[in-house]
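Student: Sequence:
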Amino acid sequence: MNYNPLVVANVLIKKMGSASNLQLQKLMYFAHARYLVKTGNPLVSGNFEAWDLGPVHPDLYHAAKKYSHATIIKPFKGWNILRGYYDLPEIPQTDLDAHQVIEDVIFDYEGYEPYQLVEATHAVGSPWEKVYKPGVRGIEISNDSISEVFSKEDE
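To convert, note that position 73 of the sequence shown is 73 in my numbering; the numbers rise steadily by one, no gaps.
Simulated from the structure, these hints should not be mistaken for laboratory data.
Note that beta-carbon positions come from the ideal geometry of N, C-alpha and C, so glycine has one too.
A hint or two may mislead.
What the hints assert, rightly or not - Within a straight-line C-alpha distance of at most 30 Å, the following computed DSS-like cross-link-like pairs (lysine-lysine) qualify:
#1 Lys38 to Lys66
#2 Lys77 to Lys15
#3 Lys133 to Lys65
#4 Lys66 to Lys133
#5 Lys38 to Lys14
#6 Lys15 to Lys65
#7 Lys133 to Lys152
#8 Lys14 to Lys74
#9 Lys14 to Lys77
#10 Lys77 to Lys38
#11 Lys15 to Lys74
#12 Lys65 to Lys14
#13 Lys152 to Lys130
#14 Lys15 to Lys152
#15 Lys65 to Lys77
#16 Lys77 to Lys152
Unchecked claim - Quick list of simulated restraints, FRET-style, between CB atoms:
#17 Lys66 to Ser45: 18 to 24 Å
#18 Ser45 to Ile139: 14 to 20 Å
#19 His99 to Glu153: 19 to 25 Å
#20 Ile81 to Lys130: 25 to 31 Å
#21 His62 to Met16: 39 to 45 Å
#22 Ser18 to His99: 16 to 22 Å
#23 Pro134 to Gly84: 35 to 41 Å
Kindly generate the complete structure, drawing on both the sequences and the hints.
Tutor: Structure follows, in structure tokens:
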């Protein structure tokens, strides 16, 4: 099952206490990659794109850009014209794989500085590096490419 990226970001914020937009982007990308490898399914709906600072999920970017470089401590809300702002659902506790990969990613990367997270996504041969064009947004990083590269790391 895949989730709204803001739902996954909320889990990261809740478990970490706070995070920047850049940290959320990179940690969600790594969790998405691990979930793809583990289950064969995407963790988040939509697609990551190859931006200058690495993989970015546009839906999360647009929701978090108002924070700029500030730390985000409050969960994201959903919004629609009929209901206004509303609380987003949580990842069900029954999705053990989703919770486990998120926990593992936090454990592995929580101490990284933002620039270190960017460097980790810019590795030679990474899904981002394969499609990145400087200054161009909107270039999708395919789930197939993410799965292929990260499954090799898992071997």
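Student: Determine for every hint whether it applies to the structure shown.
Tutor: Status of the hints after comparison with the structure:
no. : hint                        : verdict
1   : Lys38 to Lys66              : violated, 33 Å
2   : Lys77 to Lys15              : holds, 17 Å
3   : Lys133 to Lys65             : holds, 22 Å
4   : Lys66 to Lys133             : holds, 25 Å
5   : Lys38 to Lys14              : holds, 23 Å
6   : Lys15 to Lys65              : holds, 21 Å
7   : Lys133 to Lys152            : holds, 24 Å
8   : Lys14 to Lys74              : holds, 8 Å
9   : Lys14 to Lys77              : holds, 14 Å
10  : Lys77 to Lys38              : holds, 28 Å
11  : Lys15 to Lys74              : holds, 12 Å
12  : Lys65 to Lys14              : holds, 19 Å
13  : Lys152 to Lys130            : holds, 15 Å
14  : Lys15 to Lys152             : holds, 28 Å
15  : Lys65 to Lys77              : holds, 14 Å
16  : Lys77 to Lys152             : violated, 36 Å
17  : Lys66 to Ser45: 18 to 24 Å  : holds, 22 Å
18  : Ser45 to Ile139: 14 to 20 Å : holds, 18 Å
19  : His99 to Glu153: 19 to 25 Å : holds, 21 Å
20  : Ile81 to Lys130: 25 to 31 Å : violated, 39 Å
21  : His62 to Met16: 39 to 45 Å  : violated, 21 Å
22  : Ser18 to His99: 16 to 22 Å  : holds, 19 Å
23  : Pro134 to Gly84: 35 to 41 Å : holds, 39 Å
The structure fails hints 1, 16, 20, 21 (numbered hints given earlier, in ascending order).
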